[in-house]
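Protein chains: 2
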Amino acid sequence: MASNLRPLSKKEIRRENERTILAAAEKVFAEAGFGGATMQLIADVAGLPKANLHYYFPTKEALYREVVQSIFQVWLQAANTFESAEGPAEGLGAYIDAKMEISRRHPAGSKVWASEVMHRAPVIQDYLETTLVEWTNGRIDVIQGWIDDGRMDPIDPRHLLYMLWATTQHYADFGHQIETLNNGAPLSDAQWAEAKRSVKMIILKGIGVPQHELDALK
Amino acid sequence: MASNLRPLSKKEIRRENERTILAAAEKVFAEAGFGGATMQLIADVAGLPKANLHYYFPTKEALYREVVQSIFQVWLQAANTFESAEGPAEGLGAYIDAKMEISRRHPAGSKVWASEVMHRAPVIQDYLETTLVEWTNGRIDVIQGWIDDGRMDPIDPRHLLYMLWATTQHYADFGHQIETLNNGAPLSDAQWAEAKRSVKMIILKGIGVPQHELDALK
DNA sequence: CCAATTCCTGACCGTATGGTCAAGAAGAGA
DNA sequence: TCTCTTCTTGACCATACGGTCAGGAATTGG
Numbered sequence: 000m001a002s003n004l005r006p007l008s009k010k011e012i013r014r015e016n017e018r019t020i021l022a023a024a025e026k027v028f029a030e031a032g033f034g035g036a037t038m039q040l041i042a043d044v045a046g047l048p049k050a051n052l053h054y055y056f057p058t059k060e061a062l063y064r065e066v067v068q069s070i071f072q073v074w075l076q077a078a079n080t081f082e083s084a085e086g087p088a089e090g091l092g093a094y095i096d097a098k099m100e101i102s103r104r105h106p107a108g109s110k111v112w113a114s115e116v117m118h119r120a121p122v123i124q125d126y127l128e129t130t131l132v133e134w135t136n137g138r139i140d141v142i143q144g145w146i147d148d149g150r151m152d153p154i155d156p157r158h159l160l161y162m163l164w165a166t167t168q169h170y171a172d173f174g175h176q177i178e179t180l181n182n183g184a185p186l187s188d189a190q191w192a193e194a195k196r197s198v199k200m201i202i203l204k205g206i207g208v209p210q211h212e213l214d215a216l217k
Numbered sequence: 000m001a002s003n004l005r006p007l008s009k010k011e012i013r014r015e016n017e018r019t020i021l022a023a024a025e026k027v028f029a030e031a032g033f034g035g036a037t038m039q040l041i042a043d044v045a046g047l048p049k050a051n052l053h054y055y056f057p058t059k060e061a062l063y064r065e066v067v068q069s070i071f072q073v074w075l076q077a078a079n080t081f082e083s084a085e086g087p088a089e090g091l092g093a094y095i096d097a098k099m100e101i102s103r104r105h106p107a108g109s110k111v112w113a114s115e116v117m118h119r120a121p122v123i124q125d126y127l128e129t130t131l132v133e134w135t136n137g138r139i140d141v142i143q144g145w146i147d148d149g150r151m152d153p154i155d156p157r158h159l160l161y162m163l164w165a166t167t168q169h170y171a172d173f174g175h176q177i178e179t180l181n182n183g184a185p186l187s188d189a190q191w192a193e194a195k196r197s198v199k200m201i202i203l204k205g206i207g208v209p210q211h212e213l214d215a216l217k
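Residue numbers (numbering that gives the first Met the number 0), protein chains in the order written: chain R, 0 to 217; chain Z, 0 to 217.
Because the hints were derived from the structure by calculation, they are not lab data. Any given hint could be a false lead.
Copies of the same chain look alike in the list, so a pair counts if it works inside one copy or between any two.
Dumping the calculated DSSO-like pairs for lysine-lysine here, alpha-carbon to alpha-carbon at most 30 Å [stated by the list, open to error]:
{"hint": "1", "residue 1": "LYS204", "residue 2": "LYS49"}
{"hint": "2", "residue 1": "LYS195", "residue 2": "LYS10"}
{"hint": "3", "residue 1": "LYS59", "residue 2": "LYS10"}
{"hint": "4", "residue 1": "LYS59", "residue 2": "LYS49"}
{"hint": "5", "residue 1": "LYS49", "residue 2": "LYS10"}
{"hint": "6", "residue 1": "LYS26", "residue 2": "LYS204"}
{"hint": "7", "residue 1": "LYS59", "residue 2": "LYS26"}
{"hint": "8", "residue 1": "LYS10", "residue 2": "LYS204"}
{"hint": "9", "residue 1": "LYS9", "residue 2": "LYS204"}
{"hint": "10", "residue 1": "LYS59", "residue 2": "LYS204"}
{"hint": "11", "residue 1": "LYS195", "residue 2": "LYS59"}
{"hint": "12", "residue 1": "LYS195", "residue 2": "LYS49"}
{"hint": "13", "residue 1": "LYS9", "residue 2": "LYS195"}
{"hint": "14", "residue 1": "LYS26", "residue 2": "LYS10"}
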């Protein structure tokens, strides 16, 4: 019973429809892959006629590109937790929390991203080569700084980053497998908390963060 | 100039063609996903007419199922390194080595597997619920035994396994991203060695394996 | 040597898909 | 109110796809 008394303005209509279509597309692309997704199915999920999708997004590729780009934005935002941190325990701990939360709240987005990269990034290769490379190099400098300050072991920062990405995104991308191994049930709040705790503990301890800093994380 | 003097027997022909087709299919499914892959493209890669594929594998789904199952076998085999181990350093260390080697040698297979699971395992859900569950529970017992013996910290074995899977498979599934971040070049022998070393060190130290056991790993 | 069986493949078919279009409905702006 | 622009959508189209099939070639087994 949504009260739609006042008719929507054209601008509102456009914004609303684009949002609806993008949400439906993210879901369908995640579940079926780019090749397996059909415009008809996306339209059905969005509750709009197929021709209407093509009014807002000229081609399937264009729609897909928008989906991937919006995911990349979310991804980059989480990465900011890194910046202001004062040391590895705080910085990496917050980063892990943020990425785990994304895996929990936006599993479809994570899957679309994974699928895109697995297929050699046909539509966002330029992003990888520019934004991602810059971001990564910046974080490598931060981590190297921590190493130079003796706040963690001399780990190759790249492999540490890969491990962070892999582990946190695994909970979204392989969520179905995890669910199956959890007797078919999604992880409960407590299980998610335990997952975060385990990941943080293993990694932070593994890179040589002093015990008293770990204790401070609760 | 392969010397094909003696004509192949029917059985050899069948074995050879099935192998060729499965190899081509694995590659194409990995690169394009199930929905994006076409029988025509698989046929081209295999160097056979499309109709010939349908002679050996009745449908696209049947061919795909064979590919996924063969990957699952490789996966299970690597898992045996676990069994005979005498402690976490040796057992998990060997397991990580084995899985990293699979990621390096069979990236396409890993990608197909990842894609299948991401799409909620439409064709191998029964395997997940039987073989994988059994295997996982067995390893959990092994790990729990190590914990009970005080050979490692009391980590939830499930999340440790997820981290192992995620991290090792990441080098295959996200190999393109890693390559991009490596100036577009594949990892060298030395870089692969360093990756293995980093992963093993972080995880084993992270779960509380005593330092002298880590040193023993080189 | 002669069936019987297995293998091979070009041509073909029905369907589903991405995309188009024309004609109308609905706000916007004056 | 009247025009202009934006939005909506059923019907349509060309193509590409998975799959079929008939008929010939090759190998097998007796």
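Checked hints:
1. LYS204 with LYS49: For LYS204 and LYS49, the Cα distance exceeds 30 Å both inside one copy (52 Å) and across copies (54 Å).
2. LYS195 with LYS10: neither (41 Å within a copy, 53 Å between copies)
3. LYS59 with LYS10: Cα proximity of LYS59 and LYS10: one copy only (23 Å, versus 45 Å across).
4. LYS59 with LYS49: Cα proximity of LYS59 and LYS49: in one copy and across copies (11 Å, 27 Å).
5. LYS49 with LYS10: within (21 Å within a copy, 50 Å between copies)
6. LYS26 with LYS204: neither (36 Å within a copy, 39 Å between copies)
7. LYS59 with LYS26: both (14 Å within a copy, 24 Å between copies)
8. LYS10 with LYS204: Neither. Shortest intra-copy (52 Å) and inter-copy (56 Å) distances fail the 30 Å Cα cut-off.
9. LYS9 with LYS204: Intra 55 Å, inter 59 Å, cutoff 30 Å: neither.
10. LYS59 with LYS204: neither (45 Å within a copy, 47 Å between copies)
11. LYS195 with LYS59: neither (36 Å within a copy, 40 Å between copies)
12. LYS195 with LYS49: Classified as neither; 41 Å inside a copy, 49 Å across copies.
13. LYS9 with LYS195: neither (44 Å within a copy, 56 Å between copies)
14. LYS26 with LYS10: within (25 Å within a copy, 46 Å between copies)
Violated hints, in rising order: 1, 2, 6, 8, 9, 10, 11, 12, 13; the structure is consistent with all others.
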